[in-house]
Each structure stands twice: as structure tokens, then as C-alpha cells.
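Student: Sequence:
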Amino acid sequence: MNMQHEYTICLDNVNDCCFFCGQLKFKRNALMRKDTIHLKASFGIYSILHLFLLSLVLVANALPPVIRVGAIFTEDEREGNIESAFKYAIYRINKEKSLLPNTQLVYDIEYVPRDDSFRTTKKVCRQLEAGVQAIFGPTDPLLAAHVQSICEAFDIPHIEVRIDLEISVKEFSINLYPSQNIMNLAYRDLMMYLNWTKVAIIYEEDYGLFKQQDLIHSSAEMRTEMYIRQANPETYRQVLRAIRQKEIYKIIVDTNPTNIKTFFRSILQLQMNDHRYHYMFTTFDLETFDLEDFRYNSVNITAFRLVDVGSKRYQEVIDQMQKLQHSGLDMINGMPYIQTESALMFDSVYAFAYGLKHLDSSHTLTFRNLSCNSDRVWSDGLSLYNYINSAAVDGLTGRVNFIEGRRNKFKIDILKLKQEIIQKVGYWQPDVGVNISDPTAFYDSNIANITLVVMTREERPYVMVKEDANLTGNAKFEGFCIDLLKAIAQQVGFQYKIELVPDNMYGVYIPETNSWNGIVQELMERRADLAVASMTINYARESVIDFTKPFMNLGIGILFKISDRAQTKFFSFMNPLAIEIWFYIAFGYILVSFCIWIVARLSPMEWVRSKPACSMACDHMLRKIRKANNDYDQLELKSFDNDRDPDTKCCKEHINNLKLNDEHTANNHDNAATVDYFIKPTVLQDDDEEDDDDPLELESVQNDFTLKNSFWFAIGALMQQGADLYPRATSTRIVGGCWFFFCLIIISSYTANLAAFLTVERMITPIESAADLADQTEISYGTLEGGSTMTFFRDSKIGIYQKMWRYMENRKASVFVKSYEDGIKRVMEGNYAFLMESTMLDYAVQRDCNLTQIGGLLDSKGYGIATPKGSPWRDKISLAILELQEKGIIQILYDKWWKNTGDVCNRDDKSKESKANALGVENIGGVFVVLLCGLALAVVVAIFEFCWNSKKNLHTDNQSLCSEMAEELRFAMHCQGSKSKQRPALKRDCIKCAPGSTYVPTNVTMPNLGVHYNYFN
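Using UniProt numbering, read the sequence shown as starting at 1 and increasing by one per residue.
Keep in mind that a hint or two might mislead.
Stated by the list, open to error - Computed list of lysine-lysine pairs in DSSO-like fashion (alpha-carbon distance at most 30 Å, straight line): (1) LYS896 with LYS466; (2) LYS869 with LYS818; (3) LYS486 with LYS476; (4) LYS497 with LYS803; (5) LYS797 with LYS486; (6) LYS411 with LYS424; (7) LYS424 with LYS323; (8) LYS803 with LYS818; (9) LYS876 with LYS887; (10) LYS486 with LYS97; (11) LYS561 with LYS466; (12) LYS97 with LYS497; (13) LYS357 with LYS561; (14) LYS418 with LYS869; (15) LYS97 with LYS122; (16) LYS561 with LYS411; (17) LYS797 with LYS476; (18) LYS323 with LYS561.
What the hints assert, rightly or not - Ranges between beta-carbon positions, derived for each pair: (19) ILE889 with GLN495: 46 to 52 Å; (20) ASP375 with ASN514: 55 to 61 Å; (21) ASN259 with ALA153: 46 to 52 Å; (22) PRO439 with VAL465: 55 to 61 Å; (23) ALA723 with PRO766: 28 to 34 Å.
Hints listed in this document are in silico derivations from the structure and should not be mistaken for laboratory results.
All residues carry an ideal CB built from backbone N, CA and C; glycine is no exception.
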């Protein structure tokens, strides 16, 4: 019955009875061995129930009813927030009983001076002898190292909430504070997000530089220039002043939290609190400080926060703190926030409790008192450490879990000071990086009359510096962008200060240095708030800065000089046909001439009876008869009246038309073929009848297509002038028709092409498109160095543009220019094409009529106002731009600076002048040269013929050449109108051919006169 009573007591009050579990177990075993038969007889059916209840008690009490935990705090932490958090966590666990329902946690707290490792060691040894099963603290790094070494020696879990600079894994050590190397990653990621390229680091503690070593080493990777200085409250102003002189506006502050107020005062004293400065504090408790003096001067202050203020547990703790004031458990001391170290201490106690809970379900925890003078270790210490290390707790600092005693997964909030209060604007996680939920928080644009730094670049007509040296500030600038900025500032409501970019570059990414230059760099480093210039929006720039809506749309065009009128040659009229065509025409002309001559000789239809060539003989005879008779009207040649004889008809016709016969007719007969004829004229009286025995005998045929006439016929058709010769035979007409068709096509083609050549000659350009540029090397071409146009060609995937980029890249020194003015100047010098943005191209073309745009636009893009990443001004300015466009103000500004400046060239007048230009000698002078050469050739040939004929007559008459030429010249130069006359040589020939001729009057019968006349001999 005694044993049964003890069981009942244990079941009724487990907490009070668990201390005796060991004795109870011993008694149970003894009774079972001694009174086995008695139990079977006395208790009977109750024995089984008793054993079952005993097993439940043993399992439920695997943990001792009281577990002692130790804590080491420094003297300055006595009754502080960290100690209160430790006590409150134990109080809360014991009260809730959800984690350790059958175990009470009892704390054992010791206080030690800072830097007193000897006393700390003695305190820890005393706690081990008292039976503590875990030790918390201290926060001092030096003392914590001694405590950790002792705990490791005796297998006691050591739980810390301090910054640990050592990376190596420590046995039996668990630290809830994020490791410094992980925090350096957070600093680095935020710096990269904010595009910090020039940073100052201020640290206070001696180990501060060691804390930031990972961040410093990563500066090369980030392409960030770092200025590192150690400072204390006495040197804060000196260090800050040096940073200001170096124009460093991004500052990382790693000072003791107790000295932050002094640091704030130094910032205010040096007036380093405007919108240019951005301070990043490494403390997790920035929101616990009074920042009232910084909320309204636009300074940027950023920090991190480990405490999860939005969690349910955080709100519960804050609510309970109101009830526990002045109880020794108040961990906030009237503040609205829980400090990070206090929250970490609270979470560390809960992590220990969770480890005990999991150990309780699978292991019986035993403990024996330890001594620093002994080498005995706690056998269950390793098991407890492992269960704590595997615990997962949702605490005040978020989710708490460990890997090898280090906290590896956590989330820290990113805080940014605003006018109202310091607020969360994002978060950071080791495996996620920076996640900003409110990018605009890094810029406060609600301050009335804020003055923005506007970066720009001088470029006509967008931004120009006035020549007046007395002007300063914004007044010395003018241009399209200046007027646009003025209109936007009035509408949005801000002041501005215009500055020129130092390197005179818009901004291009440099792969070799992994950095940007120009205006983009100024915006990335927050040295400027806006960039108003002819700045192109593209993907590369948009990835590091922001752009407003485009205020102007454009593309890339080709600027080229209008080609000077090509030097016209005298024989430019031959240009419409290729030289080989001219040779083919000449060959065809000769071929056709010979062909028609041969065909005409072979064709019987081309041989016809000619009008007798007796005119000269008849003329000779009639003149002698009339001279003897002295009566021209009474003279009749009866023998010529026989019209029935066609051979004698010609003489009669000739006589009847003697007075009308001129030398032109005679010359036409000169071209007839040679005919030998024999005339036997009979001179009769008027009333005598015809003598049939002595008729006039004539036999004559001729072919008009002599060799000379054939060439004349062909050239007449080719020149579209025709000739007096007409083909009679079908064969010759076929030749002539084919030649006429050939001439028709050739002349028509020549005429049309001549007009085109004369027109194109005024407007010809050697290039018509980008493809023409890429396919030639005589004309060089390039872009503005460091501009978006250069980036377009560098990053293009189109084959033609890649080819053009290779050309430009291989000739960097000669094709790239520093400014648009230099590019336009090179174009004016000739043999250079400038690839530029169409708006600037239009401006240049409007002012110089010798410049023109070649082809269309190569791409489509826009100009926008650039802002730093996440700037709130972007959306406001975008709305202002849209409104200005709808009102037409931007178009008015465009017309003002592009068309109404007074220096625009009048292309209409130039076009009219070009159309009115008549053809000059330089265009068709070659025709006159051909004419003059032809005339000169004709004179030379005539002189040759004159001399040749005189020489021929000289052989006949035995007369001197000079006298013969003089006589022929007198004959040729003697003007007698149309009256017929005989050449001197012909007179002599006729006298020789009729030596016995005498004059016979009309009434006298004249004897037969036989004349043999060979006219061409």
C-alpha cells in the first residue's frame, strides 16, 4: 500500500514528485524481486494497471523537473534590456508550459567586468559546479571567447547573440547574430542596387576594419572606390570634413550605437545633410534613435533591421511589456521598439527550449555537477547541442534555424528615412538579394522648392553656352532643352541648377572596366538628379538609370555633302552610249554602206537609163553655131526634133532647157557612171526634113548607189536627214529598211539617255544607303564617340551594321568624332559620311544647303530626360512632357530652334535655281567641236580635190601648176549668179574634140561633125 500511495502522489503532482523518480524506480525493482508471489496474490488485477501508469510517468519525465541555465552579462548590462529579455523569455516559457510542460527553467546570472577574462572564467566554473546545462552570453567578444572555450571543454552548449568575426566553426557554440560575412553581402548588394561607385567607410572599434574586410575586398568586383577612415566621437567632424572635401557623398557608418547621437550632431554641424548625401548605418537599431533633425532636409539615411516588427509574436511581446513595467522583465524600457540584441536573446532562449523539447521526446537527460578542476564532460551535452542546432523557431527576429551553430537563413528589412518616419522599403535575404518594394523611397521629392542638379552636355541646338562672359548660373545656357526644362520646372514645381558633364560624354558602357562614363555615370553616382540633353533612350542605359517619356522621336540618319557637279567634258554627249556601242555603230555604218553598194550593183533594178551625158557637147556645139549665126532664136536643130527616138530626145530637151540648166544639174551628172557615146549630129535648115541615115546615136545606163553615194545614204539615214537617193530594188529596200529600224532605236535610245544623263549629272551622289557605305571603302564614315549611335552599331545583330561597326572599330582614330560639330565639319571637307541622330541631322541640313540626308532612318528611338534609378521625378516629368506635347509647346520650341533662327538656308530657291540652269558649252561643247572638225575636214578635202584636179589638167595642157590653179581659182571665185558658164578645162576639151568645127548659119547646111567625147577622161 505504501508503494501505491507513492504512485498516487506522483500522478497527482508530477512536478513535485519527479525529483523522486529515481528512488521510486529503485523501490519498485526491490519490491518486485522480494514480493513477486505476494504481489500476484495481494494486488491481483491491479498490478498490470500500476505498471502501465509507471511507464507513462517515466516517459513524461525524461527531462528533469528543473533545468538550470547560466547567463554571463557585463557590468554595464546589469538590469539592462538584454538581461530583461533573458529573464522575460524564461518567465514566458515557464508560464505558457507549451514547450516544457513538466520542466521549470531556472536562470543563474553572473556579472563580470569587461575585459576581465580571469573573473569571467571563475564565474563560469562556479556555474558549472552549480549544474547549469547551458550558458548564454556574454556579448563582449573577448570574454565570449573564454566562455566558449570552457563550454567546449565540458560539452556544455554555449549560446551567443553577438557579432562573431571568426568564420571557423566552433563546437558547442550557437550564435543567433548574423555572421559578418553574410552582412557584408547585404551591404554590397544594396550598394550595387544604388549604384554606389565612390564610398567612404567610417568605423570606430579597432576590429571594425576586420569586420568590413569582405566588403572592402569586393570593391574591385563592384568597381567601387572606397575611402576608409577610423573615427571616434572626438574625430567625427575631422573625418567628415575630409570626406566632404573629397566630394564623397555615399558613406557607410559602423560606429558604436552609444555614439550615434554624437555622429548625428557632427553631420548637422558640417551641413552634410542635403539630398546629395546618403548614409548607410550598420546598426540594426537605427529606428530607436531620434531622427527628427533629419526628416525635413532630404538627407538619405538607410539601415537594416533584423527584428520582424510585423510578426504576431512581436505584437504580443510589445503588449505584455506594457503590463510588466518596473517588474524587471521590461525589455524595452518604455521605448516603442525592441532592440535587436534583446530580441536575439529572447529568441535564443526559445531556441534552447525547442531543443529541450525535441530531446525530451527521444532521450533521457541526465546531468552531473562538473568542475573546472576535473576532466569529466557532460555526456548529454552533445545531444542537447544537436537538438538546439536543429531547432526551427519563429521568433522576434523572424525564422531562426542553424547550420553548424550559425544562422544561415534569415530576412532583414531595409529601412529608409522619410519625412514622416523611418520606414521599411524592402528586404534582403542571402539567397534572394535585395528586393526593393518602394524604389521611390530613396528620393524625397515632396520638399517645396527643392533645387535639383541638372546634368547636361553642350550640343547645338539643344544646349548652348552664351557668348556673354558676364552671365553666370543658369542664365548662361540657352537652347531647346533649356526652354523645355524651364517649362517642365514651372509645371512640376522645382528649382534647378544646370551643370555640364565633366567628360563631355553622354554615357556608354565600357566592358573593359565594367563601368559607365559621362552623364550616365553622374546619375548612377547620384551627383545629378536629372539629365536634360539630346540623350537617347536605349536598353543599356535603361538598365542602370531611368528615363521619362520621350519628348522627341528620331532615328539614325546618314549626313553627307551634296556632291559637287561633276566636271563636264566636251564629249559628254557621248556618255549616253558606251564606248563599245559607238564602235559597233561605226562598224555597222561601214558594213551597211558596203552591203547596199554591193546589193545595188548586183540588182538589175538599180541600173536605169540615164539622161544622156551629152549636155556639155551639145552646149559646145550650140554656142559655136550661135556665135557664128548671131541669132539664137532662129537656130533650129532639126535632127533633135525626132521625138520618136528616145536616144535623141535628151538633146532636144537639153536645148529647150538650156537657159534653165544650172551648174547644180551639171554636177549631178558628174556623179553618174562613165558612159562612152558617139554623136553624129546633123545641122539642118529650119524647113529641111530629118535625115534618117544620120541619126543621133546614144546608149547610156547608170546606178545611183555608187560607193560614195552608199556611204552618203547610210549617214543621212543615221543622222535622220535623209538623202536624194532612193532604193528601187527590193533587196536594197530591205537593207535600207533594216538600217532605218536600227537608226530609229539607236537615236531614240540615245536621245532619252542623253536627257537622263544631263539631269542625273546635277543630282548624282556616290552613295544612296547604308548598304552602299558598307560595300565601299573610298568614303569613310563614323559616329559620335561614346554616344548611343556608336552603341547601336556595336551591339547590332544585323549583318550590314556589324560590317560597318568592324570598319569603324578598325579605324577608331580617324572615323569617330568628339562632337557633332566635328562630324559636320568633316562632312563638309568631303569624302566622309557622318552617322548621326536625325534631329541633329535635320538641324545641320536646315542650315547648310550643301548637306543632305542619305537614305532613310536606320532605327527608331527617342530622346528622354534621364533620372537616377527609382527617382520619383521620372513620373512627374513624364506627365509634364505629355501635357506639353498635347498643348503643342514642344513643337513650338522645335520650330523656334530649328526653323526660325534666321540662319536657315532656303532650299526652295536653290531648287528653282537648279531647275532653271540651261545647258552650257561645258555640257554640249563637244558637238561644236565635231562640227568645226567636220568643216575643217571638208575644207581640207576641197583643197585637196582642187589641187588634184589642177594637177590632172596640168598633165593634159602642159601648163604650169600655178597658172592652172590660178585660172581655176578665178573661175571658182567669179560670181555670175545662176548663169551658166564653162570651166576652163572643159573649154579646152571641147575645142580639142572638134578641131574642124565651123560656124554654119541657119540657111546653110553644115557637114556632119563626128565627135567622140569621153567626158570623164
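Student: Please name the hints from earlier in the document that this structure breaks, with their numbers sorted from lowest to highest.
Tutor: Hints 4, 5, 10, 12, 13, 15, 16, 17, 18, 19, 21, 22 and 23 not satisfied by this model.
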